[in-house]
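Line by line, the protein sequences are chains A, B and C. Numbers 732 to 827, taken from my numbering, label the letters of the first sequence in order. Numbers 14 to 91, taken from my numbering, label the letters of the second sequence in order. Numbers 16 to 94, taken from my numbering, label the letters of the third sequence in order.
Note that these hints are calculated values from the structure, not bench results. Because the structure is a prediction, the values reported are computed rather than measured. Any given hint might turn out to be false.
Per label pair, the in silico range of CB-to-CB distance [to be verified]:
{"no.": "1", "chain 1": "A", "residue 1": "797", "chain 2": "C", "residue 2": "17", "range": "13 to 23 Å"}
{"no.": "2", "chain 1": "C", "residue 1": "24", "chain 2": "A", "residue 2": "797", "range": "22 to 32 Å"}
{"no.": "3", "chain 1": "C", "residue 1": "28", "chain 2": "B", "residue 2": "37", "range": "14 to 24 Å"}
Which residues of chain A face chain B? A few of them, derived with a C-beta cut under 8 Å, are [to be verified]:
{"no.": "4", "residue": "779"}
{"no.": "5", "residue": "780"}
{"no.": "6", "residue": "797"}
{"no.": "7", "residue": "800"}
{"no.": "8", "residue": "812"}
{"no.": "9", "residue": "815"}
Glycine is no exception: its CB is placed at the ideal position from the N, C-alpha and C atoms.
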Amino acid sequence: MMLEYDPGMIAIYSPTMIPIYLCGIVAIYAVIRVVMEKNTLRKLVFLSVMNFAITGLVVLTIPDIMALFAGLAYFIGSNLEANAIASTYVGGEYSK
Amino acid sequence: MNEFYILVVSLIIIIGVIYVYISRSPFDKLIGLAIMLGGAIPFIALNGYLDVALLVAVIMPLTTIFILQATGRKTDDS
Amino acid sequence: MTPELILGLIIFLAGVIISAFPREKDYLSRLIHVEIAATGLLLIMLAYHETIALLTFVSVTAITTIVLVRVIERGEPCD
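Bound conformation, chain A alone:
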């Protein structure tokens, strides 16, 4: 099963490329904010921002119906992961 999409067919300065550039810039900015932040609970907020941006990047780039399900699974799974980390961190902090 090799689909081998060719995204290079779209011109670089086309107006249809603006959402993809925007998602990439938001993802890089969120990752840098996660690395620079001190508080752990504030890191998880920007981790959720990165998950939104990556989901948009997957869904906007690939012109296939299966990409919607892959993006849906990634969005649900990553939000579940971030909420599990936050729940364990807060429970371990206040129960002492």
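Keeping the supplied structure of chain A fixed, place chains B and C upon it in accordance with the hints.
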């Protein structure tokens, strides 16, 4: 466009790996693991393996949740 | 040399090295670093276009992690 996509995703993966190494708390290490996974998913999906991307996106948070059980256990004991 | 092969080799080598010499001498830290090496191996296997191998590798990695977590919970603490 493909160069921009690959550059962004590679930068996210490498930042995640470096952040896992330099952080000391296990929660921060798991956050770095989530960043690295977020970079790896578009790389799988760009080659056309959308079913593999779906399976990885479902299974990897389960792995993180199982590691979190050991983390809470270690924090309560020590 | 596709980009995913080069990136996978870099991440696999980095994961193996930092799993052998971590900053925190702890079992949990080493287990999290092994996950990095597993992701690098997944990216390397992505360059050879075998779907069944990828599916089996992801499933077996998850089962291995669950078994190792059980061993760490039940074993003695590391020095």
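inquiry  = Check the structure against each numbered hint from earlier and tell me which ones fail, lowest number first.
reply    = 4, 5
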